[in-house]
Amino acid sequence: MNMLKTILAQINKMPRAALITIGLFLALGIFAPWIAPQDPSAQNLLDAGGGPSAAHWLGTDNLGRDTLSRLIIAANTSLVSVGSVLIIAMTIGILMGTIAGYHRGWVDDLLMRIVDVGLSIPSLITALAVIGIVGPGYWTMVMALSLAWWPMSGRISRGVAVSIMSKPHIEALRVLGASPWRIYFGHLLPGTIGQVMVYATADAGTAALAVATLSFLGLGIQPPTPEWGQMLVDALPYLESDPRQVLLPGFALTAAVIGFNILGESIALNRIPKPLTRRMLALRRAEVASWGKENSNA
Amino acid sequence: MNLSPVLKVENLQTRFKSVQRGKFVHAVDDVSIELFPGEIVGLVGESGCGKSTLGRSIVGLEKATAGRVLLDGVDLSTLSGAALRKSRRALQYVFQDPYSSLNDRQTVGEAIDEALIIDGLRDPTARERRTKELLDQVGLVSVVKDRHTRELSGGQRQRVAIARSLAVNPRVLICDEPVSALDLSIRAQVMNLFLRLQKDLGVACLFIAHDLALVRQAASRTYVMYLGKIVEHGPSQELYDHPSHPYAQMLLASAPEVDPRIEKSRRGPLMIGEIPSPTNPPSGCRFRTRCPLAVDACAQALPPAISLSADHDASCLLAAELHRGSRSALAIQAA
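Chains as they are written, first to last, in the numbering used here: chain B, 1370 to 1667; chain X, 729 to 1063.
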């Protein structure tokens, strides 16, 4: 109950619009197959390019497919691919970063030079190269983007890990005779994951954009799977006659990217503790004072 | 003392690679100290003289480049891996800053519990009982164990840190300025706690401090360190009354006086100049560059430790005269 309250208080501090956008994105993405009113791939050429109607709330595309359903299913595609990219990239990055931060010395040098190489190549070019070799496809794209994404999280994790390792509480554990496993898994890894996750939120927007870009270029999600970038390409030839088909997926993508960026920023900023009110301070002081019983006998 | 020392440090040397190529920072140079069971020993000196590095080298947080650390007669350098961690557990370290020596993500109970697990106490109910006992020993109520360490005040955090060190039943506690980060009012409480623990548990304590009055009150013996070397050592009472190394004399005279009349009559700063760089320490006696009594012979060779009385020695060519009081570094300084 207490935990729920703290979580709610945390959420309350975040910018509401970004929170609602991302909440909507997540809800639609997770429950897309049950929410989508119609089959996103069902074609109806008689109804092609139709405007909004009772049957199709946001109209239909050039093949007569329901736009609303396609947008919703695309949220799911985007969510799954961005999620996988971030999970894979973060896992590799955090592992390499913490190992480098734990060992320092030549291990650190070696791993960070590898990261430098990764960082020096623009991520989209890395992704294009991988796709060029393996061939386009859903999981190829996920792998390619993860490969392009991990150096950044590796660099951040290494910085966080180094700062944690140099703290006296890790030295205190060493003096107590804690095993390297205990220090690594019990203290270094959880601490690093907690801090690096903050960056992941801000990164999600960029990753969503990269997925859409690759799909737009025909190198990512393949038709007929609905995807925002994919929808943009499909609608491009009809830009003049039917701009709605371009605007809708474009708007959805923009909202998701901006939402993630603002949310990530606010999470990072909220980690700075806010000053307590005077009443809370007084209560705290009274309580803290009651913990020591030394006041009388020392 | 006919007891055998619990901790014996022999000719310990710790040096770091300097930013200047091929040079070394001689942080601790050929230091030998002894600690007997149940004894509080002070280690004083200016900032940057290597006293913290000495403490850290003893517990293995810094790698000593030469010399030995013997714990109950066992040379720790002959051990490695799990055996070393197990033996070293008898040597505990209390950090200066209680705000960073505990993990903020843990509760007090978890922090102490972890130390008990590391020490090999498997039974959870026994651990719980011991946690309560330890908190009681350091003067905290047991409800604190469910609190996050970040919620505690500095003094309370330092108590938790001490309780955690005691969880592994140490023989020696190395305290690196354990109260200098605390409020004056809390300092006395934590100091009393140290004295009580040492009396009740018989833990030997190496007390690193720059607060001379504190060391005089608490420690039975005191080592004075200057630029990586022990320059004088003796029973606290005698050392404070008859300091016999020019550095010790000047260091003790630099401490502010409580009595405002005496304080007013004092003349300017006693210590002149900065401590020399430990990368290029002066030849011979390391204090000669700042010593008002320095003569040519001081630059020739390192002065040997001269025994002045039982258990009191100073590394100065003039130690005997200074001890008798026929000469004083302070008198020259004043002239």
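Because the hints were derived from the structure by calculation, they are not lab data.
Yeah, the Cβ is synthetic: ideal placement off N, Cα and C, and Gly gets one too.
Among these hints, one or two may not hold up.
Now the in silico label distances, taken between C-beta atoms and shown as ranges [what the hints assert, rightly or not]:
hint : chain 1 : residue 1 : chain 2 : residue 2 : range
1    : X       : Thr-853   : B       : Arg-1551  : 49 to 59 Å
2    : B       : Glu-1634  : X       : Gly-776   : 38 to 48 Å
3    : X       : Ser-1005  : B       : Val-1503  : 50 to 60 Å
4    : X       : Asp-851   : B       : Trp-1550  : 51 to 61 Å
5    : X       : Arg-833   : B       : Arg-1613  : 22 to 32 Å
6    : X       : Gln-1028  : B       : Arg-1551  : 32 to 42 Å
7    : B       : Phe-1554  : X       : Thr-806   : 21 to 31 Å
8    : B       : Met-1566  : X       : Glu-991   : 47 to 57 Å
9    : X       : Gly-882   : B       : Arg-1543  : 29 to 39 Å
10   : B       : Ser-1610  : X       : Arg-833   : 54 to 64 Å
11   : B       : Leu-1650  : X       : Ser-775   : 31 to 41 Å
12   : X       : Gly-766   : B       : Phe-1554  : 57 to 67 Å
message = If you test the structure against every hint from before, which numbers come out violated?
response = 1, 4, 5, 6, 9, 12
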